[in-house]
Each structure stands twice: as C-alpha cells, then as structure tokens.
Amino acid sequence: MKILLVEDDPETAAFVKRGLTEAGHIVDHAADGRDGLFLASDATYDVLVVDRMLPQLDGLGMLRALRAAGIRTPALFLTARAGVGDRVEGLEAGADDYLGKPFAFAELLARVNALARRPPLAAAPTLLKVADLEMDLLKRSVSRGGQRIDLQPREFRLLEFLLRRAGEVVTRTMLLEGVWDFHFDPKTSVVETHISRLRAKLEQPGAPALIHTSRGAGYCLRAPD
Amino acid sequence: MHPTEGRGAWWRTTAFRITLLHLALTLLGTLALSGLAWWATTRFALNQIADEVARDTSVLAQAAQLGGPRNLALAIDARIAADRSGTQYFLLAAPDGQRLAGNLAAAPPAFGWQRLSLTGPGVPPGEVLALATPLPAGLLVVARDLAPVRQQERFLLGAAGWVGGGALLLGLGGGLLIARGVTRRAAAMDAALARVQAGEMAHRLPARPGGDEFDRLARRINTALDRVQGLMQTLRQVTDDIAHDLRTPLNRLRQRLDLALRTGSGDEAWRAEAEGAIAECDQLLEIFAALLRIAQVEAGARRAGFALFDISAVAATVAEVYAPAAEERGQRLRTTIAPGIALLGDRDLITQMLANLLDNAVKHGREGGEVTLRLAPGMLTIADDGPGIPAAQRDAVLRRFTRLDAARATPGSGLGLALVAAVAELHGMQLSLGDAAPGLVVALTWGDGQSGSL
Numbered sequence: 072m073k074i075l076l077v078e079d080d081p082e083t084a085a086f087v088k089r090g091l092t093e094a095g096h097i098v099d100h101a102a103d104g105r106d107g108l109f110l111a112s113d114a115t116y117d118v119l120v121v122d123r124m125l126p127q128l129d130g131l132g133m134l135r136a137l138r139a140a141g142i143r144t145p146a147l148f149l150t151a152r153a154g155v156g157d158r159v160e161g162l163e164a165g166a167d168d169y170l171g172k173p174f175a176f177a178e179l180l181a182r183v184n185a186l187a188r189r190p191p192l193a194a195a196p197t198l199l200k201v202a203d204l205e206m207d208l209l210k211r212s213v214s215r216g217g218q219r220i221d222l223q224p225r226e227f228r229l230l231e232f233l234l235r236r237a238g239e240v241v242t243r244t245m246l247l248e249g250v251w252d253f254h255f256d257p258k259t260s261v262v263e264t265h266i267s268r269l270r271a272k273l274e275q276p277g278a279p280a281l282i283h284t285s286r287g288a289g290y291c292l293r294a295p296d
Numbered sequence: 209m210h211p212t213e214g215r216g217a218w219w220r221t222t223a224f225r226i227t228l229l230h231l232a233l234t235l236l237g238t239l240a241l242s243g244l245a246w247w248a249t250t251r252f253a254l255n256q257i258a259d260e261v262a263r264d265t266s267v268l269a270q271a272a273q274l275g276g277p278r279n280l281a282l283a284i285d286a287r288i289a290a291d292r293s294g295t296q297y298f299l300l301a302a303p304d305g306q307r308l309a310g311n312l313a314a315a316p317p318a319f320g321w322q323r324l325s326l327t328g329p330g331v332p333p334g335e336v337l338a339l340a341t342p343l344p345a346g347l348l349v350v351a352r353d354l355a356p357v358r359q360q361e362r363f364l365l366g367a368a369g370w371v372g373g374g375a376l377l378l379g380l381g382g383g384l385l386i387a388r389g390v391t392r393r394a395a396a397m398d399a400a401l402a403r404v405q406a407g408e409m410a411h412r413l414p415a416r417p418g419g420d421e422f423d424r425l426a427r428r429i430n431t432a433l434d435r436v437q438g439l440m441q442t443l444r445q446v447t448d449d450i451a452h453d454l455r456t457p458l459n460r461l462r463q464r465l466d467l468a469l470r471t472g473s474g475d476e477a478w479r480a481e482a483e484g485a486i487a488e489c490d491q492l493l494e495i496f497a498a499l500l501r502i503a504q505v506e507a508g509a510r511r512a513g514f515a516l517f518d519i520s521a522v523a524a525t526v527a528e529v530y531a532p533a534a535e536e537r538g539q540r541l542r543t544t545i546a547p548g549i550a551l552l553g554d555r556d557l558i559t560q561m562l563a564n565l566l567d568n569a570v571k572h573g574r575e576g577g578e579v580t581l582r583l584a585p586g587m588l589t590i591a592d593d594g595p596g597i598p599a600a601q602r603d604a605v606l607r608r609f610t611r612l613d614a615a616r617a618t619p620g621s622g623l624g625l626a627l628v629a630a631v632a633e634l635h636g637m638q639l640s641l642g643d644a645a646p647g648l649v650v651a652l653t654w655g656d657g658q659s660g661s662l
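Protein chains in written order, with our numbering: chain V, 72 to 296; chain Y, 209 to 662.
Calculated from the structure, these hints are not laboratory results.
Among these hints, one or two may not hold up.
So these bits of chain V aren't anywhere near chain Y, every CB distance computed over 10 angstroms [as the list claims (entries may be wrong)]: (1) G165; (2) D167; (3) P257.
Not the full set, but computed from the structure, chain Y residues with beta-carbon under 10 angstroms of chain V [as the list claims (entries may be wrong)]: (4) Q445; (5) D490; (6) A498; (7) D554.
Only some residues are given here: those of chain Y computed to face chain V with a beta carbon under 8 angstroms [stated by the list, open to error]: (8) L493; (9) F514; (10) T525; (11) V529; (12) A533; (13) E536.
Every residue gets a Cβ at the ideal spot worked out from N, C-alpha and C, and that includes glycine.
Bound conformation, chain V alone (with noise of 0.2 angstroms):
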C-alpha cells in the first residue's frame, strides 16, 4: 500500500515510518500541512495518516480542504487522547478514523489495515464464512460444522464484527467502538472476558481454534492453520 504520512515531530514520524515499511507499505512523509495537502492532492495514496497538530496547516483544514476538492482517500486522524472533543471534529472534518495519541503501533497498523480493505457499504452480504462457521444475517443464525450455536444478542454482534474483518487484526479498542460505541478505553478485562465467553461458545473442546489472539494488538478470526 502507499501511504502518506503527515506529521511534524520527527520521534513520531519516523517510527511510524520505520513501522509501516517494515509491515511492507511504502510511505511518503510531510512534516506539514500544507505539504501534505500539495502530496495527498495527487489522489495516488491509498491511506493517509494526519496529525491533528501540524504548522502551517493544521489536520482538520488540511483534511476539509481534500474533502472539498473531492479526493476520497480514507484518512486516520491522530488526535491527543485526552481531547474530548477531538474525536467528533476529526470525523467532521472527513477523517474515515481516528487514534488518540500516544498509541501502540500494533494498534495504527491493524487500523490502517482495516482502512485500506474497508468493504463499499452496497454490497453488504447476507451469509458470513470463515472455515466450517456460518452466519446469516437474515435468520441471525449461527452454525459451525452444520451444529447450530445459540449466541446471545451481544456476542452475535461481536460475532458479526470479527467475521466482517476476518482475516484482519482487530485491536481492543477497534472492538469497543465498533461493537458498543465505546470511545474510551475502560482499562479492565471487559473485552477479554467478551472473547473468551464466545470462543468458549465457538470452539468446542477438540475443534480447532477460530479466534486467534495477537500478542500485543488484538484478535483475528481466521481460518484454522
């Protein structure tokens, strides 16, 4: 993927860089926003990842100034974690996600990711697979090997968002906001104590697992190895 960068301090930029390149995207950086504006007007990134505090232009006009021109390129904004307002300016402003700063990479790198392949909304499908576990979203059934799985309402909805991504790392956070419109982190076990009662629920003893945890970032829901 490419991805341009824009952010000013130098610590930050490069070690989203270094991360980024090593996860096998290419990355263009600017320090600034009028120089990130000039770089993303091109429309040849596929992400772009902007810092809400930048000189000459900061985040949010740099991000309303593409949004106008018409260039649709997903963009994560990066915010101070403590602004309470921040989140809903950034998204006002055309940002397609956000990340309060200071953040794991783990975390900017499964986001970015989860950018890059989000799905156009028309399409939406009925049946949702991953190996032998089915979902239809119709008769809000689930099954695995053809054995039906009783899942209540909220582990249905967790459920749906990990098969929506599967395949992807989905962070902690990502699952907060996604599944319950959490846009804090609560600090304690909740979300765990989530996947556990669900994978306890998908994975019989003996079956293989479906919900894989990634150290240090999140869950994938992927197809046994």
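Based on the hints, put chain Y in the right spot on chain V.
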C-alpha cells in the same frame, strides 16, 4: 504595595472630591437664586417708585391746570411739609430757570425720566429718580430718593452672603466627615487585602451583616477570596496527588528496567521486560489522559457540543459490556431501564460515566452477589452489595486519586469517581452516594432542563 499608598492625603480621596464638586454646585445654585431674587425685588421697588413719581406728577399738573402756577407752588409746599420720611423732592422752575417752589436746588438739564445725584449743603448725598415735565407755567420736577431701594439691595446681598457662606461651611464640614468615614472603611479593606496579598490566604475583610454597599462589597470580595482559596487548595491537592501517584508507577518502571539490565539475558527475556515496561508507560499515560480529561470536563468546554441522545440505549449498551465481567464474578446484573429517555448532554462522557460506575459496582460488589442498574426519567441508580463506602469517606472518593484502603488491592487509578463527579457536574446532575445496606448505591438525578424528547 507601598505602605504609603493606603494612607494618601485626605484631599486625594474620592469622597473629598465629590464633596468639592457638590459644594461648587451648591454655591452656583445659591448665587443664581440670590441674583434672581435681587433682580426681581429691585425691579419691583424701582417700578413702585416710578409709579408714585408719575402719579404725583399728574396730580400736580392737574393742580396747575386748575389753579395756575400759584396753586401749583402751594400744592408743592403742602406736599413737602407733609413728607415725614424726607424722601420726596419737588421743583417748580420758571421758564427762565428761576426756582418758584420745591426743595430741589437746580433743574435737571433735560426733560423726562432720569437719575440725579443730590449734592449740596444740608442735603444728604444720594440718588433720586426724577421726572421732569414741561408745563405752561414752567418746569415741574418730581423726584424720589432711591436710598430705600439701595438699602434693600444691601440687605439682600448680605443675606445671600450668609446663606452661601453657611452652605459652604456646612458642606465642607459634612464632606470632610463623610470623606473621613469612607477613607477609614476603604483603608480597613485595603489593609485586609494587603494581608491576603502578603500570604494570609485565610484572612477576610470586615463585613457587618446587612450593612451598606461597603459591607456588600466586602462580602463579595470575601466570597471571591473563598473561591480562590478553594481552587488553590484543590490545585495543591492535585499537584501533590500527581507527584505521589505518578512516582509509584515511575519507580516500578525504573526498577523493572534496572533489574532487566542487570539480570536480563536472551531475546525472550528482553522482550518480556520491554513489554512490561510499555505496559507501565501505558498506565502512566492513561493517568495523564484521565487527569486532562477531568480537567477539560471541569472547565465546561464540552457544553457547546451537547445534543439530545437516548440515555436508555446507552445504559443498555453499558450493561451489555459489563454483563460478562459480572458473570465471571458470579454476580447477577439486574437492569430496569425505562425505554426512550432523552438526555441533553455529551453522549461519550455519559457512556464513560456509566461505564466507570458499573465497573466499580462489579469490581467492588460481593462475589456471587447482585448488581442493579435502574434508569427512570430524571434518575439513574447503580447499586452493589459489597462493603460499600463509610459515610465519612463518601465525599473523599469523588476526589482525584482517592482510593480506599480496601480497594488498594484491585487495579485502578482512583480517577474513576472523580470523572463521574465532573461529568455529573457538567450535566447539572446531582450525584449522591448512599448505603444500599449492604453495599453502595450511587444515585444520579437531573431536572427537566436536561431532559427532552427525541
């Protein structure tokens, strides 16, 4: 402050300046009034004299017409004889200027109304108002002394002087008295504020209950000082707390890295230590973020983004998130949520507030017990059946970093309830902690101002 500043010269006080201005206006008024009275009275007296002169002239002219110059001379003599006041003057002069009758020495140089100065032996010096009329027999002059008018004028001037002087003296004396009183009050406030400025933050201005505008001002300043003192104490408390509570994880982090440096060997061990260090850092950063967030909420900056949202849906979601955690502890999570309740506020902050409260209830509730969440219009309660919080400590737990001894063993930053308190305050909600016998019940109530329909 310079010590002399409070003891300025008395003539540089506001009260004295106001007194001077007041005096000047009073004097101006007295002068204008006196002038008007003087002018009106004098005019009236002069007119009266002129009337008498004209009447006498016409009477005498008639006498001349009826009885000739002889009769006129007799009439004049009779009038002079009858005048006891000695203010009437007459003259009848022949066409050649010779005096035929009267007590005036000489004829005036012209006819008509005029003022003449009386000079000559045996005549008191003075001014007269005269009317010279030509008659067939000669020139008739009738005159009246103006001395009574002059006397009246002098009297009026004297009276005006006394009144003006009296007003001046009284005003000056009163003004100085007022100035002294005001200066003394201001000096007392000044001295009290100087002590506060010098660091005696608890010192307050003297203020009588009820009282005048100075007492009201003093009370207002005292209230402001109370607030400033409260804020300073909070700030000091927070600073101390931050210093203390951040030192602990920083120490842990340092020890961990120190230990890793001395004993660590092999990639796996290094990796484990690095991950541990990152986790410690994350915890520190999270504390900072939580503190900043509380500060932002307390500053009220978020109120501009208030919108109506369905708090019933939020409560249901939060309950859903914490249900498995409660089940892990063998607890029953009972929810009674009235559907479709609208609240005017910040959805994210209310979500976090409910999450913090439910997190506390699940964490501190009895294992195998019950946690209840109730939402009704204008009221939300969350109760557990754990050890609860002693009544004396219920205020303290709403402050930053307060962690009761019983809770030291469980993870947490001691900022959860502080954020709850800040969010409740931002939304105009009353937050109260009570005894659920056993356990803690947290109640949030709000009025119609925060409610609405979706």
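Any hints this thing doesn't respect? Which numbers, in order?
3, 4 and 9
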